[in-house]
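Protein chains in written order, with my numbering: chain A, 1 to 352; chain B, 1 to 344.
Derived from the structure by calculation, the hints contain no laboratory data.
Just so you know, not all the hints are guaranteed correct.
Claimed, not checked - Label-pair distances were calculated between CB atoms; the ranges are: (1) Glu237/A / Lys144/B: 45 to 51 Å; (2) Gly91/A / Lys72/B: 44 to 50 Å; (3) Met248/B / Ile103/A: 27 to 33 Å; (4) Glu237/A / Arg118/B: 19 to 25 Å; (5) Val68/B / Gly81/A: 37 to 43 Å; (6) Asp184/B / Glu126/A: 18 to 24 Å.
Claimed, not checked - List time: in silico DSS-like cross-link candidates among lysine-lysine, alpha-carbon distance up to 27 Å: (7) Lys109/A / Lys114/B; (8) Lys72/B / Lys248/A; (9) Lys129/A / Lys4/B; (10) Lys72/B / Lys109/A; (11) Lys72/B / Lys132/A; (12) Lys8/A / Lys274/A; (13) Lys231/B / Lys117/A; (14) Lys45/B / Lys129/A; (15) Lys117/A / Lys72/B.
Note that the structure is a prediction, hence the values are computed from the model and not measured.
Glycine residues also receive a C-beta, built at the ideal position from the N, C-alpha and C atoms.
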Amino acid sequence: MEIKRFLKDICEAPGVSGYEEYVAKIVRAAFCAHVDEVRQDRMGNVVFLKRGSDSGGRRPRILLAAHLDEIGLMVTKIEEGGFLRFSAVGGIDPRTVVGQEVILYGREKLSGVIGVKPPHLTPADELSKGHKMEDLHIDVALTEESARKLVAVGDLALIRRELIQLAGSTVAAKAMDDRAGLAVLLSCLQELERLRHAADVYAVATVQEEVGVRGAAMATYGVVPDIGIAVDVTHAEMPGVLEHEACKLGKGPGITVGPNIHPKISEEIIRVAKEYRLPYQLEAFPGPTGTDARAIQVTRGGIPTGLLSIPLRYMHTSVELLDMDDLKLSGRLLAYFIAGVDSAFVEGLSCC
Amino acid sequence: MLLKRLSEASGASGDEGEVRSLLKEELSLHVEEVTTDALGNLYLKKGFGRKPRVMVAAHMDEVGLMVVGYEKSGLLRVVKVGSIDDRVLASKVVSIGKDRIAGVIGAKAVHLQKPDERTKAIDINNLYIDLGVRSQEEAEKLVKIGDYATFTAKVREAGDNCLIGKAFDNRAGCAVLAELLKEDFDLELNAVFTVQEEVGLRGAGVAAYSIHPDVALVIETTAAADVVGSKEAAYVTKLGDGPALTLMDSTYMAPQQILDLVAETAEKLAIPYQFRRLTTAGTDAGIISQTHAGILSAVISIPCRYIHSPASIINLDDWQNTLRLARGILNAIAEGGLRLEGTA
């Protein structure tokens with residue numbers, strides 16, 4: 001499947017943390033052609049196995065993780081007049097949801113708008129303050145009576161957003177974090193079709209990353225990998241963000257170094273990037289990262305972990321923006337890295 | 001649906017061409033004369049020489065943004081065209097210039113903000129349109145200084161007979177006027193789709209001067225603040241309660257005989273109506289009523305929640321009732337319902 005088509009399909013699909021089933025089906029359908037086995041664990045993680053070529057003995061196991069879930073909104077109260085109060089699932093800046101169209105997943109799909117008390121009723125000194133989540137409501141244009149029939153506390157809502165094609169290879173959408181990571185996994189599986197790889201590759205679409213990197217921990221426990229690589233997004237440069245805080249768009253994936261990452265894994269990924277002349281950027285992070293890599297590393301007796309990141313602007317808004325080239329470069333780099341992993345490399349990871 | 005096409009068209013103040021073309025194409029066959037003027041107002045005339053001469057106006061323009069500069073990185077600096085609360089701009093998609101180039105207005109990731117940053121409104125000086133280019137040179141090839149940008153919402157049905165969309169202010173009014181032009185009234189009907197209402201009622205004044213009508217009716221869209229968190233006294237209008245009659249605003253006082261005619265017409269036809277309960281802001285009637293030696297003017301409005309934002313809501317019953325009321329007013333005027341002595 002063409003990567004951009006896949007990315008559009010999954011970004012536009014709903015999949016708030018804890019409710020990843022719908023988007024998981026799309027991922028399953030796209031990955032199936034490239035893997036030998038699929039299973040879903042109790043938590044909801046979807047584990048795809050692409051077997052390696054080594055025969056005799058235990059093949060090295062590489063786990064790749066990209067998370068299915070996205071941030072979203074959850075109804076907390078139906079107010080008089082049928083207006084819906086909500087809270088965030090995952091980290092949402094309330095100032096970025098005002099004036100958005102939403103799809104509310106009630107007893108049926110409802111179209112709505114996120115409204116707020118109008119500016120003419122707002123004292124001048126309040127206009128300079130950002131809206132708080134508790135000031136906002138979802139308006140589904142229903143009377144209170146109809147609203148109570150169709151909506152319940154706990155229902156989920158997402159900003160309505162189609163993937164937007166911008167200049168060149170740049171695109172923007174909601175949920176790029178981390179559907180872009182899943183697109184990298186698909187791209188990697190496609191690359192692996194024409195490469196010889198000794199290792200078994202467990203590509204995992206994980207759940208509940210945005211609410212505390214939960215799915216990846218269970219998935220890793222289940223797979224018992226020799227190596228775990230998380231694929232997520234990272235901040236790209238924009239005004240107001242310091243240069244050292246951000247990667248650049250279109251300059252290849254970020255390769256993370258730091259305590260969350262096994263040095264021999266980051267070194268090997270960098271070596272492979274140089275060998276195949278693939279552009280990359282270094283990202284130094286001084287502790288556990290806010291990605292699945294955080295959970296993978298400390299699962300069971302400890303897993304040698306790596307992290308590949310796609311530069312992305314406006315993270316956790318509905319217009320998360322990235323360069324498709326970065327995505328394809330990430331898939332290729334990951335595939336070449338995998339192709340180079342053998343038992344000797346894996347053995348070397350436990351000796352410091 | 002014409003209203004859908006009108007709403008989805010792009011037309012910030014000063015850039016009404018797309019809306020104008022759409023209306024011209026839709027309505028030319030229904031009228032006797034189609035003209036435009038130096039500002040871009042669109043005039044459609046019907047019933048030449050009949051008396052009285054009635055002007056019905058609806059503005060075509062919407063609030064939007066204008067590109068005023070480039071960053072080295074290729075990001076675009078923008079200013080507002082008309083009144084927009086800065087706080088609705090972050091995390092939206094816009095369409096820019098004649099070629100309708102897509103752009104997004106981003107916002108700094110929540111992860112990178114300091115706690116005090118999060119409590120402040122993101123004002124327009126900290127927002128940019130991102131075209132997805134990597135340099136000013138690339139941006140210059142796609143977008144010129146002075147290009148307009150508008151929101152991009154598609155019209156959708158929602159809830160209890162409502163529509164969600166952008167620019168209902170005042171494409172909903174334009175759609176009412178368009179329907180009136182397909183009908184026949186025993187008067188000289190001068191329909192004007194005006195320009196530049198949102199930047200200071202600029203188009204309607206010259207149109208009223210040119211037409212010099214006996215009486216004018218303005219069809220508008222107005223705020224409905226009937227939402228949770230606002231007190232009933234501050235609702236302005238309530239969605240679903242019918243067209244709103246303006247008593248006064250910052251630009252205009254309704255003459256008593258106009259109020260009587262409109263209210264009596266609504267009651268006679270059993271059309272629900274409400275008064276617009278806000279005395280500020282303005283409409284084209286503000287300038288029309290002060291043209292020549294003064295022109296008797298009425299304003300009726302369709303209530304709209306989240307007006308001037310990327311996604312607003314109107315009720316289709318309100319829209320239908322505004323059309324019915326406008327039709328009734330024109331018929332009442334044709335039947336001699338107004339004293340027009342002292343006017344041309």
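Hey, Lys8/A versus Lys274/A, does the alpha-carbon distance stay inside 27 Å?
violated, 31 Å
CA of Lys72/B to CA of Lys109/A, is that 27 Å or under?
violated, 43 Å
Given the proposed pairing of Lys109/A with Lys114/B, does the C-alpha separation stay at or below 27 Å?
The hint is violated at about 36 Å.
Tell me if the straight-line CA distance from Lys72/B to Lys248/A falls inside 27 Å.
It holds: about 14 Å lies between the C-alpha atoms, which stays within 27 Å.
Lys144/B and Glu237/A - C-beta distance against the hinted 45 to 51 Å:
violated, 25 Å
Please test the hint of 37 to 43 Å on the beta carbon pair from Val68/B and Gly81/A.
holds, 40 Å
Should the hint that Glu237/A and Arg118/B are 19 to 25 Å apart at their CB atoms be regarded as holding?
Holds: the Cβ-Cβ distance is about 21 Å, inside 19 to 25 Å.
Hinted pair, alpha-carbon criterion (27 Å max): Lys231/B, Lys117/A. Please report holds or violated.
holds, 10 Å
Mind checking the alpha carbons of Lys45/B and Lys129/A for me, to see if they're no more than 27 Å apart?
violated, 48 Å
With the threshold set at 27 Å, check whether the alpha-carbon distance from Lys72/B to Lys132/A stays at or below it.
violated, 33 Å
Supplied distance hint 27 to 33 Å, evaluated on CB atoms of Met248/B and Ile103/A:
violated, 40 Å
Starting from the hint 44 to 50 Å, judge whether the C-beta atoms of Gly91/A and Lys72/B obey it.
Hint violated: Cβ distance 30 Å, outside 44 to 50 Å.
Hint check: violations occur at hints 1, 2, 3, 6, 7, 9, 10, 11, 12, 14, 15; the rest are consistent with the structure.
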